[in-house]
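Produce the complete structure using the sequences and hints provided.
Here our numbering is used: the sequence shown runs in plain steps of one and ends on residue 276.
Heads up, some of the hints might be wrong.
Listed next, with one range per pair, are the computed distances between beta-carbon atoms [what the hints assert, rightly or not]:
#, residue 1, residue 2, range
1, ILE120, THR31, 39 to 45 Å
2, ILE120, LEU148, 27 to 33 Å
3, PHE93, ALA123, 41 to 47 Å
4, VAL172, ILE42, 33 to 39 Å
No lab work stands behind these hints: they were computed from the structure. Just so it is clear, CB atoms sit at the ideal spot from N, CA and C, and this is done for glycine as well.
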Amino acid sequence: MSRETAAVTFWDHLEELRTMLLKVGTITLLCGILAFIFKAPLFEIIFAPKNDSFITYRWLDKIGGIFSSPGDIGFNISIINTGLAQQFVVHMKTAFCFGFICASPYIIYELFKFISPALYEHERKYTTQLTGWGYLMFALGSLAGYFLIFPLTFRFLGTYQVSEEVVNMISLDSYMSTLMMICLAMGIVFELPVICMLMAKAGLLNVSFMKKYRKHSIVVILVAAAIITPTSDVFTLLAVSLPMYLLYEASIVLVGMAEKKRCRQRELITV
Numbered sequence: 006m007s008r009e010t011a012a013v014t015f016w017d018h019l020e021e022l023r024t025m026l027l028k029v030g031t032i033t034l035l036c037g038i039l040a041f042i043f044k045a046p047l048f049e050i051i052f053a054p055k056n057d058s059f060i061t062y063r064w065l066d067k068i069g070g071i072f073s074s075p076g077d078i079g080f081n082i083s084i085i086n087t088g089l090a091q092q093f094v095v096h097m098k099t100a101f102c103f104g105f106i107c108a109s110p111y112i113i114y115e116l117f118k119f120i121s122p123a124l125y126e127h128e129r130k131y132t133t134q135l136t137g138w139g140y141l142m143f144a145l146g147s148l149a150g151y152f153l154i155f156p157l158t159f160r161f162l163g164t165y166q167v168s169e170e171v172v173n174m175i176s177l178d179s180y181m182s183t184l185m186m187i188c189l190a191m192g193i194v195f196e197l198p199v200i201c202m203l204m205a206k207a208g209l210l211n212v213s214f215m216k217k218y219r220k221h222s223i224v225v226i227l228v229a230a231a232i233i234t235p236t237s238d239v240f241t242l243l244a245v246s247l248p249m250y251l252l253y254e255a256s257i258v259l260v261g262m263a264e265k266k267r268c269r270q271r272e273l274i275t276v
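In structure tokens, the structure reads:
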């Protein structure tokens with residue numbers, strides 16, 4: 006099926022764009038207002054990783070006893086505010102971010118509906134699959150950042166002391182910025198398979214190259230994991246680096262599938 010051939014002027018496209026942006030902005034604003042109203046449950050979720058009763062700590066305690074060694078049972082880290090209007094500003098920013106996250110499926114739907122008339126049928130199908138997998142992987146990465154990377158990082162850095170005379174009191178702004186940065190970074194890291202598949206379809210990446218530099222990738226992954234979670238135990242390092250390595254292996258499989266599909270297409274064209 007060819008692209009839609011209806012005569013549409015530039016101003017018609019502009020009007021459609023304006024309508025789409027208005028819808029997206031309205032839904033995002035409404036979701037942000039709801040997040041702002043429900044302040045208590047919102048920040049209960051955000052501050053959950055700072056408590057030693059968080060599910061990640063309890064899970065690791067069961068399988069390894071990492072957080073229950075003698076003299077190191079539990080921890081208590083205070084969050085402080087250092088600016089007059091900082092709490093209100095943080096509340097506003099957080100509500101907007103959560104509103105955008107909640108509205109993101111609708112935003113993607115509206116964007117796709119806007120560009121789909123300019124695509125062929127097979128392009129629409131491919132774009133839908135790519136967008137769906139990309140969104141899913143980003144969400145999984147963000148969840149990994151919230152449930153795994155950030156708790157381990159926060160616990161180590163929040164309880165680390167150069168001297169017993171120095172008491173750690175983490176500022177609200179520091180806590181929020183670190184949490185958002187780690188979740189965003191992990192979301193981007195989890196896009197690796199999707200990016201590799203795109204590069205393979207474009208002929209810019211192949212399986213032999215990825216297998217050749219597999220050992221190099223392991224070193225890079227371990228270094229990145231050590232930077233993300235600067236803890237002193239091997240278990241935490243492996244807990245962070247293992248998902249990243251599995252993503253690399255999954256990327257190799259996807260690149261191989263893309264290569265085989267491209268080869269079959271070439272054979273059909275030749276025949």
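Right, here's what the structure says about each hint:
1. ILE120 <-> THR31: 39 to 45 Å: 20 Å, violated
2. ILE120 <-> LEU148: 27 to 33 Å: 28 Å, holds
3. PHE93 <-> ALA123: 41 to 47 Å: Holds: the Cβ-Cβ distance is about 43 Å, inside 41 to 47 Å.
4. VAL172 <-> ILE42: 33 to 39 Å: 35 Å, holds
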